[in-house]
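K.L.:
Whenever a hint applies, use it, and build me the whole structure from the sequences.
What follows is each chain in one-letter form.
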Amino acid sequence: MSSIKKKLLEMVPQLRRYAYGLTGSIDKGDDLLQDSIVKILSMNKDMNHIENLGAYFYKIISNDWKDKLKKRNIESLDIDNFSNTLQSNNNDIVEEIDLKRKNKKIHELINQLTDNLKSTFLLATIEEKSYKEISEILEVPLGTVMSRLNEARKKLKDLINKDGLNEN
Amino acid sequence: MKIDDLIINSYVDGELSEQELKEFDAIMNVDVEIRQKVQDLMKFNQDAKEAYDEIITDDIPSSMKELLIEKESIWKRVSNLKIGIFPTIGSILAASLGSVLTFNSIQMASVDEKRPELMLEEPSKNLIVQEIEKITGESEDFIVLSGIFEKRIVYSIKSEFINNSKENCVNIEFENLNYQDLTITEAVICDQDGLERIVKLSFIKGPIQDI
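Protein sequences, first through last, are from chains A and B. By this note's numbering, the letter at position 141 of the first sequence is numbered 141, and the numbering carries on one by one without gaps. By this note's numbering, the letter at position 35 of the second sequence is numbered 203, and the numbering carries on one by one without gaps.
The set of hints was computed from the structure by calculation and includes no laboratory data. One thing to keep in mind: the hints can contain errors.
[Said to hold, decoys possible] Non-contacting residues of chain A with respect to chain B, defined by C-beta distances greater than 12 Å in every case (computed):
1. 114
2. 139
3. 140
4. 162
[Stated by the list, open to error] Below, a sample of chain A positions facing chain B; criterion: calculated Cβ distance under 10 Å:
5. 17
6. 21
7. 54
8. 102
9. 127
10. 153
11. 156
Just so it is clear, CB atoms sit at the ideal spot from N, CA and C, and this is done for glycine as well.
P.N.:
As structure tokens, then:
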């Protein structure tokens with residue numbers, strides 16, 4: 001058990017980042033991660049045989065988040081609605097965006113992706129996981145990982161083009 | 169090689185094989201549009217990563233530290249302590265038995281050198297006996313000890329205890345812990361996330377026979 005705790009402790013920063021990305025908020029992300037850690041620690045099973053423990057932790061968090069979404073019936077906003085909001089609220093501010101505002105904007109854009117696209121994008125781009133690892137974590141075929149990732153990037157690109165983030 | 173968005177993604181994500189990589193690089197060297205797409209994607213990936221990397225340098229929330237940082241195990245404490253062990257054992261027993269136990273005689277070096285000898289004061293003995301009486305109604309088994317069929321009772325106070333790894337548990341054998349016809353032989357105390365519990369209490373009905 002202590003080796004699991006040690007590994008988890010080492011990975012907390014990365015796992016927090018992923019949970020933050022999934023939930024769109026640091027507090028909610030921390031709650032999600034905390035619940036996942038409790039779940040992992042309470043699993044009465046030997047984890048020594050698990051080849052990629054890191055990927056396993058990401059998988060637990062991903063599944064916990066899916067469960068929470070089901071329970072709370074949270075649904076992602078529709079991308080078109082978000083685009084309209086962006087256009088109506090952000091006519092001239094893009095050029096003045098500083099780093100923090102740019103980061104916030106990126107979070108907002110990514111948070112508009114559907115959960116499947118968002119988790120795939122976060123794992124590939126932010127967590128720098130291989131397609132194979134993502135396939136294991138999300139329990140979907142490799143081809144699905146590639147198509148989801150492509151779709152996520154395409155949608156983000158569309159949003160950014162409309163928003164003008166690239167001009168910054 | 170036909171370059172499409174999936175291939176560009178795979179290139180940027182480092183998923184192309186060595187051969188594919190060579191082909192892609194060759195095409196990108198002459199195709200300005202593809203080169204631009206790759207650069208844009210890499211730039212956005214970098215921006216996105218930076219946007220989320222802020223959290224990486226934050227302190228780990230204390231609630232997570234509580235869960236994950238190993239406290240000094242009981243075993244280590246017991247091994248290091250000499251006389252001082254007994255208040256700890258007393259408090260652990262007390263926590264389990266629901267009252268304060270007191271000891272009037274303590275002789276021990278350290279647990280790994282010599283088994284502890286202790287005697288309980290009357291009120292504490294009564295408490296243990298009461299607990300044992302409760303226990304014996306719930307669980308018992310028999311073993312052959314010294315060729316004599318004796319009753320040995322092992323009771324898991326917290327049977328669902330999940331962290332029963334040796335490193336976090338200490339097995340304390342008692343030499344001289346008797347009350348009436350009961351000889352308490354062993355207690356296993358474990359530390360789970362900083363909470364100390366008796367997970368096993370063993371005793372024999374009647375005096376221990378020499379083998």
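K.L.:
Determine for every hint whether it applies to the structure shown.
P.N.:
Here is what the structure says about each hint:
1. 114: Given a closest Cβ separation of 17 Å, the condition holds.
2. 139: holds (19 Å)
3. 140: holds (16 Å)
4. 162: holds (14 Å)
5. 17: holds (5 Å)
6. 21: holds (6 Å)
7. 54: violated (15 Å)
8. 102: holds (7 Å)
9. 127: holds (9 Å)
10. 153: holds (7 Å)
11. 156: Where the cut-off is 10 Å and the nearest Cβ of chain B is about 7 Å from residue 156 (chain A), the hint holds.
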